[in-house]
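There are 2 protein chains.
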Amino acid sequence: MIDPRVASGLRDLPPAAAIPRERMLAQFRAVFSSFGFVPIETPHIERMEVLTGKGAGSDEVLRQIFEVTNKGGTPGELALRFDLTVPLARFVAKHENELGFPFKRYAIGSVFRGERPAKGRFREFTQCDFDTIGSESPLADAETALVIDRALAGAGVAGFTIALNHRGILDGLLETLGLEGRGGPVLRALDRLAKVGRESVAAELSRNAGQGGAGLAPDQAARVLDFALQGRGGPEVLETAAQTLGSSKRALAGLENLRNILDLLGSAGVPTGRTSVDLGLARGLDYYTGVVFETTVAGWERFGSVASGGRYDDLASLFTTRRLPGVGASIGLDRLLALLEEAGRLIKAQVETPVLVGYFPGTRPTTPFQLAARLRAAGIGAEVYPEPISIGKQLAHGSTRGRLLGVIVGPDEEANETFNLRDLVSRHEDRGLAWSVLEDSVASALEAMRQGGAGA
Amino acid sequence: MIDPRVASGLRDLPPAAAIPRERMLAQFRAVFSSFGFVPIETPHIERMEVLTGKGAGSDEVLRQIFEVTNKGGTPGELALRFDLTVPLARFVAKHENELGFPFKRYAIGSVFRGERPAKGRFREFTQCDFDTIGSESPLADAETALVIDRALAGAGVAGFTIALNHRGILDGLLETLGLEGRGGPVLRALDRLAKVGRESVAAELSRNAGQGGAGLAPDQAARVLDFALQGRGGPEVLETAAQTLGSSKRALAGLENLRNILDLLGSAGVPTGRTSVDLGLARGLDYYTGVVFETTVAGWERFGSVASGGRYDDLASLFTTRRLPGVGASIGLDRLLALLEEAGRLIKAQVETPVLVGYFPGTRPTTPFQLAARLRAAGIGAEVYPEPISIGKQLAHGSTRGRLLGVIVGPDEEANETFNLRDLVSRHEDRGLAWSVLEDSVASALEAMRQGGAGA
Numbered sequence: 324m325i326d327p328r329v330a331s332g333l334r335d336l337p338p339a340a341a342i343p344r345e346r347m348l349a350q351f352r353a354v355f356s357s358f359g360f361v362p363i364e365t366p367h368i369e370r371m372e373v374l375t376g377k378g379a380g381s382d383e384v385l386r387q388i389f390e391v392t393n394k395g396g397t398p399g400e401l402a403l404r405f406d407l408t409v410p411l412a413r414f415v416a417k418h419e420n421e422l423g424f425p426f427k428r429y430a431i432g433s434v435f436r437g438e439r440p441a442k443g444r445f446r447e448f449t450q451c452d453f454d455t456i457g458s459e460s461p462l463a464d465a466e467t468a469l470v471i472d473r474a475l476a477g478a479g480v481a482g483f484t485i486a487l488n489h490r491g492i493l494d495g496l497l498e499t500l501g502l503e504g505r506g507g508p509v510l511r512a513l514d515r516l517a518k519v520g521r522e523s524v525a526a527e528l529s530r531n532a533g534q535g536g537a538g539l540a541p542d543q544a545a546r547v548l549d550f551a552l553q554g555r556g557g558p559e560v561l562e563t564a565a566q567t568l569g570s571s572k573r574a575l576a577g578l579e580n581l582r583n584i585l586d587l588l589g590s591a592g593v594p595t596g597r598t599s600v601d602l603g604l605a606r607g608l609d610y611y612t613g614v615v616f617e618t619t620v621a622g623w624e625r626f627g628s629v630a631s632g633g634r635y636d637d638l639a640s641l642f643t644t645r646r647l648p649g650v651g652a653s654i655g656l657d658r659l660l661a662l663l664e665e666a667g668r669l670i671k672a673q674v675e676t677p678v679l680v681g682y683f684p685g686t687r688p689t690t691p692f693q694l695a696a697r698l699r700a701a702g703i704g705a706e707v708y709p710e711p712i713s714i715g716k717q718l719a720h721g722s723t724r725g726r727l728l729g730v731i732v733g734p735d736e737e738a739n740e741t742f743n744l745r746d747l748v749s750r751h752e753d754r755g756l757a758w759s760v761l762e763d764s765v766a767s768a769l770e771a772m773r774q775g776g777a778g779a
Numbered sequence: 324m325i326d327p328r329v330a331s332g333l334r335d336l337p338p339a340a341a342i343p344r345e346r347m348l349a350q351f352r353a354v355f356s357s358f359g360f361v362p363i364e365t366p367h368i369e370r371m372e373v374l375t376g377k378g379a380g381s382d383e384v385l386r387q388i389f390e391v392t393n394k395g396g397t398p399g400e401l402a403l404r405f406d407l408t409v410p411l412a413r414f415v416a417k418h419e420n421e422l423g424f425p426f427k428r429y430a431i432g433s434v435f436r437g438e439r440p441a442k443g444r445f446r447e448f449t450q451c452d453f454d455t456i457g458s459e460s461p462l463a464d465a466e467t468a469l470v471i472d473r474a475l476a477g478a479g480v481a482g483f484t485i486a487l488n489h490r491g492i493l494d495g496l497l498e499t500l501g502l503e504g505r506g507g508p509v510l511r512a513l514d515r516l517a518k519v520g521r522e523s524v525a526a527e528l529s530r531n532a533g534q535g536g537a538g539l540a541p542d543q544a545a546r547v548l549d550f551a552l553q554g555r556g557g558p559e560v561l562e563t564a565a566q567t568l569g570s571s572k573r574a575l576a577g578l579e580n581l582r583n584i585l586d587l588l589g590s591a592g593v594p595t596g597r598t599s600v601d602l603g604l605a606r607g608l609d610y611y612t613g614v615v616f617e618t619t620v621a622g623w624e625r626f627g628s629v630a631s632g633g634r635y636d637d638l639a640s641l642f643t644t645r646r647l648p649g650v651g652a653s654i655g656l657d658r659l660l661a662l663l664e665e666a667g668r669l670i671k672a673q674v675e676t677p678v679l680v681g682y683f684p685g686t687r688p689t690t691p692f693q694l695a696a697r698l699r700a701a702g703i704g705a706e707v708y709p710e711p712i713s714i715g716k717q718l719a720h721g722s723t724r725g726r727l728l729g730v731i732v733g734p735d736e737e738a739n740e741t742f743n744l745r746d747l748v749s750r751h752e753d754r755g756l757a758w759s760v761l762e763d764s765v766a767s768a769l770e771a772m773r774q775g776g777a778g779a
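Protein chains in written order, with our numbering: chain A, 324 to 779; chain B, 324 to 779.
Hints listed in this document are in silico derivations from the structure and should not be mistaken for laboratory results. Here the structure is a predicted model, which means the values were calculated and not measured. Heads up, some of the hints might be wrong.
Copies of the same chain look alike in the list, so a pair counts if it fits in one copy or across any two.
[Stated by the list, open to error] Straight-line alpha carbon distances no greater than 27 Å define the calculated DSSO-like cross-link-like pairs of lysine-lysine that follow:
(1) Lys377 x Lys716
(2) Lys716 x Lys671
(3) Lys518 x Lys572
(4) Lys417 x Lys716
(5) Lys417 x Lys671
(6) Lys671 x Lys442
(7) Lys442 x Lys518
(8) Lys572 x Lys716
(9) Lys442 x Lys394
(10) Lys442 x Lys417
(11) Lys377 x Lys394
(12) Lys716 x Lys518
Let the hints inform the model, and build the full structure from the sequences given.
Okay, structure coming up:
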């Protein structure tokens, strides 16, 4: 007998986890498509050289890479992808003459990292990315935030805020302080602000560059932290910042970009409180060059950002000389599912199959089989229990799986061409309904239950 | 510069391939769910021991396995799955006390085989499986065929036939010929009947077992071949066969099982011509023990079976002592897509985004952004071109991507709160429509185009 366990750091998703995940992904796909984003798929296996090219992944990610070999293959040649961004860059470079730009793609798929297994961290997880490549327009920036908004709202996430910042603003501040070129270490320090607090970040900013700090004087560190911590709120934050940053063109362009994005989001009906300017938002990736986004859910901040992204100057410089600026974001599917689960708002049963067709012993099996087929043809999912066990057990099986209604037949009903309709929640049963009204009566009963709140 | 090619035997799916694939998978998921099949997901990486256990895969498949290792991992411990059946068996054994039987699951995912690269054969491909575990009822058998029927019809496949046979029938024939226990080699020979013809199969049946044959006498081989070749058609085939096989209980039970399945399919409204008994149908896998299915499309037989499966006695004997009989099938997603592509019936554009909102230079970007958001809120997908290029280029971009309608605004329309509505197929344009009728007029125009056949 072989032990049926999964390998360390990996996991099975049983139906109670896979059903809400599929529903959420279908919802995301519909939102992406409604904006004209198109799907692409790339292989799970890439050439090692593609994944380990300079800047493709951080040193940490590269240490975690899974190598892949088959009999007759060359060791070290192939590996599993660790994100969907490097494959996107390779894909766009490979197909740059066919795609047409701006190219708006989404991709949903597994990525693999050999991290040390820990609670809630897995070696295979799903990424859910969308990007607009080949446009520098603020329309594309605003659309990225709008897609996040529509995707989260559609998934039933309440109370989220999309925080925005722009890389040029911090660069401009550093310019006014005579600190050009220190952006990288300053960003990395600020990125930990929410986690470790002001004092610890101030220390890191003041530490020497050789010791992993940013090498700022204490008063410079204080100015940077004041700017970051006070710059949170609505569009008014941009006006205050403009006065501080008056001299820096790059900063003013950043402020103008955020103003345009907020205007566009307002025109699309995104409520003002749904977005927030946060001049301390760092998103410590050097990769970003313009607007950056993070999204947190009120009361669930400990989950971190559930949707993040930003604008970058050049997607695929590893693979092509063509400059490809873009903007995109990644939705944290696993975090959102975990959050909704803890909030008790995850529907784990299959709403697509609301009906169990049950039958008493002595009924011809063709009868329930036929009634179920009729319901499905009318767009109503219906299951037949395959064995003639007791009707009580059939109904219990259905209830466990989230069925709302039982359509029940026995030899008498078969002879009279009738059925009984049982509400599996209230246990109310209507008897002797004619087969001719099967679809209509089931549809009405389901509609009534939906309005009454069951199965919502 | 790194070469952006994919590794040998792997492939990218650009939007024109990924869009119809996603649509087809969504369709399959909806069909599976309407019968109460639930999704599960298992990792792409399994423990090597799980994949190479006795009988898990054929020798050929095991030679093609991709091994997976990361820094610090033990070589030879992990591998990529080569199908979804072994992971299903492991999953069911691991979770046998939580699932509840009968357990109806579907799974859609990538599997990996290091085959020698060849046209149309890839080292990563998608499997699309559904199974009912823990039931021996003919209802579950018939439902398997019905799911194939509904899935293919829903995917727009015309002229397909689901062929059925039962393993017990051939076993019974061999019994009457005094050839018990020769089922394996006889099946393997018959499996090649369509490909190599009667004479070649007769030779293989007559060859000695030591030379890879079945060791039948020439007249026995002839009897087997007559039986296989003449036993094709409707339920009448079962009656003729019953006379030949009168003495074998196992054969009669097989015939009775097929009769029940045909009755059930008839009751569910499957047209008689959609199914066909084929007593020569072998499906050479030793794994199957009851009914077997194959599905071919008239005029496209060279694609082979596009949906196949059958009943098995015991799914997970490698992993658990619990006997788990079941029935299931696998839909050949890639074959179906290739077939529909060759038949010119694949929709490669994104029907979910029928509208392009275009704008003349001088229009405030918030205007098209807002109109597109209104259309999306009304359930109509709409794209805005992000840069203010010429309106002609915007419309061309939309047409290339399958948009059907252009909603066009300029500074005048903005001032008057109107828009122009352009049919991107006929190029007819209605001018000066009020913003207040935006959603209604776009919806009506799309409905008229759909009825007229555009975008169908």
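Copy assignment of Lys442 with Lys518, given that the CA separation must stay at most 27 Å: within (19 Å within a copy, 53 Å between copies)
Intra/inter-copy verdict for Lys417 and Lys716 if alpha-carbon distance must be at most 27 Å: between (57 Å within a copy, 24 Å between copies)
Alpha-carbon proximity context of Lys671 and Lys442, limit 27 Å: For Lys671 and Lys442, the Cα distance is within 27 Å only inside one copy (22 Å; across copies 42 Å).
Status of Lys716 relative to Lys572 across identical chains (alpha carbons, at most 27 Å): neither (73 Å within a copy, 32 Å between copies)
Within, between, both or neither, where Lys442 and Lys394 count as close if Cα-Cα is 27 Å or less: between (35 Å within a copy, 21 Å between copies)
Same-copy or cross-copy closeness of Lys417 to Lys671 [CA-CA at most 27 Å]: between (41 Å within a copy, 20 Å between copies)
Identical-chain pair category, Lys377 with Lys394, by Cα at 27 Å: This pair counts as between: shortest inter-copy Cα distance 20 Å, intra-copy 29 Å.
Intra/inter-copy verdict for Lys716 and Lys671 if alpha-carbon distance must be at most 27 Å: Classified as within; 21 Å inside a copy, 46 Å across copies.
Homomeric proximity label, Lys442 with Lys417: Cα distance no greater than 27 Å: So Lys442 and Lys417 pass the 27 Å test across copies only (20 Å; inside, 38 Å).
Identical-chain pair category, Lys716 with Lys518, by Cα at 27 Å: neither (52 Å within a copy, 48 Å between copies)
Copy assignment of Lys377 with Lys716, given that the CA separation must stay at most 27 Å: So Lys377 and Lys716 fail the 27 Å test inside a copy (61 Å) and across (37 Å) alike.
Identical-chain pair category, Lys518 with Lys572, by Cα at 27 Å: Neither way: Lys518 and Lys572 sit 32 Å apart in one copy and 73 Å across, limit 27 Å.
Hints 1, 3, 8 and 12 from the earlier list are contradicted by this structure; the remaining hints agree with it.
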